[in-house]
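Colleague: Residue numbers (numbering that gives the first Met the number 0), protein chains in the order written: chain Y, 0 to 327; chain C, 0 to 327.
Just so you know, the hints here were simulated from the structure itself, not pulled from any lab data. For clarity, every value in this text was computed on a predicted model and none was experimentally measured. Treat the hints with care, since some could be wrong.
Ranges between beta-carbon positions, derived for each pair [stated by the list, open to error]: (1) Y/181 x C/151: 45 to 53 Å; (2) C/133 x Y/94: 26 to 34 Å; (3) C/117 x Y/310: 50 to 58 Å; (4) C/80 x Y/134: 26 to 34 Å; (5) Y/93 x C/135: 53 to 61 Å; (6) Y/181 x C/324: 27 to 35 Å; (7) C/119 x Y/321: 55 to 63 Å; (8) C/315 x Y/242: 31 to 39 Å; (9) Y/122 x C/116: 38 to 46 Å; (10) Y/242 x C/94: 44 to 52 Å; (11) Y/122 x C/245: 36 to 44 Å.
Sample of chain C residues facing chain Y (criterion: CB under 8 Å; computed from the structure) [claimed, not checked]: (12) 24; (13) 211; (14) 213; (15) 216; (16) 233; (17) 234; (18) 240.
Restricting the straight-line Cα-Cα distance to at most 16 Å, the calculated cross-link-like pairs of lysine to aspartate or glutamate (EDC-like) are [said to hold, decoys possible]: (19) Y/302 x Y/28; (20) Y/149 x Y/189; (21) C/149 x Y/147; (22) Y/295 x Y/30; (23) Y/149 x C/147; (24) Y/302 x Y/30; (25) Y/186 x C/147; (26) C/295 x C/26; (27) C/186 x Y/147; (28) Y/78 x Y/122; (29) C/149 x C/94; (30) Y/302 x Y/26; (31) C/302 x C/51; (32) C/149 x Y/189; (33) Y/149 x Y/122; (34) Y/88 x Y/63; (35) C/302 x C/166; (36) Y/149 x C/32.
We treat Cβ as the ideally placed atom computed from N, Cα and C, and that holds for glycine.
Protein chains: 2
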Amino acid sequence: MRIVLDAMGTDHAPRTEVAGAIEALSELESDVEIVLVGDRDSIEAELSAYAEIPPGLTILHAPDRVTAADPPASVIRRKPDSSIVVGLKLHKAGDADAFVSGGSTGAVMATSLFTLRPLPGVDRLAIGTVLPTSAEPCLLLDAGANVDSKPHHLVQFAHLGNIFAQDMMGRETPRIGLLNIGEEPGKGNELSVETHRLLAAESGLNFVGNVEGRDIIRASCDVVVCDGFVGNALLKFYESVAAFIIQMLKKGLDVADTDVDLEDVFRVLDYSETGGAPLLGVDGVSIICHGASTPKAIRNALKVASRAVRSNMVEHSARELAAFIQES
Amino acid sequence: MRIVLDAMGTDHAPRTEVAGAIEALSELESDVEIVLVGDRDSIEAELSAYAEIPPGLTILHAPDRVTAADPPASVIRRKPDSSIVVGLKLHKAGDADAFVSGGSTGAVMATSLFTLRPLPGVDRLAIGTVLPTSAEPCLLLDAGANVDSKPHHLVQFAHLGNIFAQDMMGRETPRIGLLNIGEEPGKGNELSVETHRLLAAESGLNFVGNVEGRDIIRASCDVVVCDGFVGNALLKFYESVAAFIIQMLKKGLDVADTDVDLEDVFRVLDYSETGGAPLLGVDGVSIICHGASTPKAIRNALKVASRAVRSNMVEHSARELAAFIQES
Chain Y
0 MRIVLDAMGT DHAPRTEVAG AIEALSELES DVEIVLVGDR DSIEAELSAY
50 AEIPPGLTIL HAPDRVTAAD PPASVIRRKP DSSIVVGLKL HKAGDADAFV
100 SGGSTGAVMA TSLFTLRPLP GVDRLAIGTV LPTSAEPCLL LDAGANVDSK
150 PHHLVQFAHL GNIFAQDMMG RETPRIGLLN IGEEPGKGNE LSVETHRLLA
200 AESGLNFVGN VEGRDIIRAS CDVVVCDGFV GNALLKFYES VAAFIIQMLK
250 KGLDVADTDV DLEDVFRVLD YSETGGAPLL GVDGVSIICH GASTPKAIRN
300 ALKVASRAVR SNMVEHSARE LAAFIQES
Chain C
0 MRIVLDAMGT DHAPRTEVAG AIEALSELES DVEIVLVGDR DSIEAELSAY
50 AEIPPGLTIL HAPDRVTAAD PPASVIRRKP DSSIVVGLKL HKAGDADAFV
100 SGGSTGAVMA TSLFTLRPLP GVDRLAIGTV LPTSAEPCLL LDAGANVDSK
150 PHHLVQFAHL GNIFAQDMMG RETPRIGLLN IGEEPGKGNE LSVETHRLLA
200 AESGLNFVGN VEGRDIIRAS CDVVVCDGFV GNALLKFYES VAAFIIQMLK
250 KGLDVADTDV DLEDVFRVLD YSETGGAPLL GVDGVSIICH GASTPKAIRN
300 ALKVASRAVR SNMVEHSARE LAAFIQES
């Protein structure tokens, strides 16, 4: 298995990517290779700090770099030699099985859409985010790939989330919830009322009904479906609260001195450490990481990519969607 | 000044309301009277536990009680003798200056709308919620009075929030932000793109542009405007994360043993203790409390009501809206 890692994506690229890749190779199965795509000189300079380079690590030169100033949709045309475009094309050509990047989310999304193409039955892509909860983690999608979603888009997201939860989170029959502001079927806005109706009629899903914001942390379901505007606002708010609390707690607290399992608190708060967010709905494995990722986050994202490949998640998604198209 | 307090609203009514009212009277100015509206016998039974009843406390008998099973819009017709209807009618008649309730949010909202009526220029009411942040608190509205808001509704909310922040939070020229998923004006869904355009054209507002979920806790503005679906989902999620963390921390942590100011953390997390949420846009003062309110929360809500009356918030709102109507 070969995973392409965009070496030029994060805020501290390529240092973070190089460190994350080396960590990942020491933990992943021996058949995993990682291709660092980006500026060869910069990558080699980072690698020179290591006494030993794992044999599974190679470099693919891509001289250009996508910046925040590049309009996402134009990257594929205007920056064909960028690490994002070169990396995704390698995946598309079948010379790599997955792509991971901490670069511009918009650029990775748009370029993934244009190169890998959507799976049949997918009208819109969704970003999935695995949120820690008080029990098992929960997948929230869409976390911001799209806004103004229609009910049938959310139904597609439910199917994509269903397969992700099975293949990537080990849930046999994932409980699918619809994010809403009330429990009863008639509650919510036009989008959620109609989506509820459609999801309740889906035979292939274990739809558990509406879930409220407060139910997420209580782990009342495995997959939470919502429009990307709500999902993104919610995640960014959560992230900032979490960062604020972690900062305050870490400032002066001696964990060894307390009875509280602070690691549990941090685990629940620190969702950014759970690794990259999968871009779901494309015909390939594309994992998006924070620009502020640490090597640990990159390592975790590479593990997510490797599990997605190993479990044939994309083929399963295609099959699930084909059944869904046939039914509807 | 006379404030009507629905004595039958919270989960532990009327005990919580009686305790909250007595606490409030000991702290508020001596011209404040509180009318407990509800079942006289139950209220008197609670009062009998107190050695001394403050002179400013009276009872208004209302034999009926609104339950969660009552459709909110039907309460005014079907339960005319309920504490909510009797209390709001007293306010409407001018025999009380404000109304506070921990009862069904929907019933308080609908009955407030039908009795007090909206202010001229208000098409939809909004629930405001004062969120603690890492610095000064911030008003978020709409927190769930409506869904599927149109751009001009959000502009009305901005004006209502502007006056609330001035009169109730002491901000001279409140910074108004629009909740969005990106900073640039063109970002977001159809609603936020058009609302941004309208708000940027408002001469009477200190509009600071889009704010993301992460900016709220950083206190980057005084008022955050959003659709009630997003606002409600966000608040419920926040509340559950906060409750979870507080619970974990309180379980085993000896605050005296640490250098961290845990009270600061709790202050940021425990937004439910900041008192009631004002229903903004009605021609009157109507404050909604959690069903799970503590006496402290009721006391704080009564203080919010008293400040709203003292500052003439409703008249200010009417004036602001009249100017806005004239301008547009």
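Colleague: Does each hint fit the structure? Answer for all of them.
Modeller: Hints, verified against the model:
no.: 1; hint: Y/181 x C/151: 45 to 53 Å; in the structure: 25 Å, violated
no.: 2; hint: C/133 x Y/94: 26 to 34 Å; in the structure: 48 Å, violated
no.: 3; hint: C/117 x Y/310: 50 to 58 Å; in the structure: 55 Å, holds
no.: 4; hint: C/80 x Y/134: 26 to 34 Å; in the structure: 45 Å, violated
no.: 5; hint: Y/93 x C/135: 53 to 61 Å; in the structure: 56 Å, holds
no.: 6; hint: Y/181 x C/324: 27 to 35 Å; in the structure: 33 Å, holds
no.: 7; hint: C/119 x Y/321: 55 to 63 Å; in the structure: 56 Å, holds
no.: 8; hint: C/315 x Y/242: 31 to 39 Å; in the structure: 36 Å, holds
no.: 9; hint: Y/122 x C/116: 38 to 46 Å; in the structure: 44 Å, holds
no.: 10; hint: Y/242 x C/94: 44 to 52 Å; in the structure: 49 Å, holds
no.: 11; hint: Y/122 x C/245: 36 to 44 Å; in the structure: 42 Å, holds
no.: 12; hint: 24; in the structure: 33 Å, violated
no.: 13; hint: 211; in the structure: 5 Å, holds
no.: 14; hint: 213; in the structure: 4 Å, holds
no.: 15; hint: 216; in the structure: 4 Å, holds
no.: 16; hint: 233; in the structure: 6 Å, holds
no.: 17; hint: 234; in the structure: 7 Å, holds
no.: 18; hint: 240; in the structure: 5 Å, holds
no.: 19; hint: Y/302 x Y/28; in the structure: 10 Å, holds
no.: 20; hint: Y/149 x Y/189; in the structure: 10 Å, holds
no.: 21; hint: C/149 x Y/147; in the structure: 13 Å, holds
no.: 22; hint: Y/295 x Y/30; in the structure: 21 Å, violated
no.: 23; hint: Y/149 x C/147; in the structure: 13 Å, holds
no.: 24; hint: Y/302 x Y/30; in the structure: 13 Å, holds
no.: 25; hint: Y/186 x C/147; in the structure: 12 Å, holds
no.: 26; hint: C/295 x C/26; in the structure: 12 Å, holds
no.: 27; hint: C/186 x Y/147; in the structure: 12 Å, holds
no.: 28; hint: Y/78 x Y/122; in the structure: 26 Å, violated
no.: 29; hint: C/149 x C/94; in the structure: 35 Å, violated
no.: 30; hint: Y/302 x Y/26; in the structure: 9 Å, holds
no.: 31; hint: C/302 x C/51; in the structure: 21 Å, violated
no.: 32; hint: C/149 x Y/189; in the structure: 13 Å, holds
no.: 33; hint: Y/149 x Y/122; in the structure: 10 Å, holds
no.: 34; hint: Y/88 x Y/63; in the structure: 14 Å, holds
no.: 35; hint: C/302 x C/166; in the structure: 13 Å, holds
no.: 36; hint: Y/149 x C/32; in the structure: 51 Å, violated
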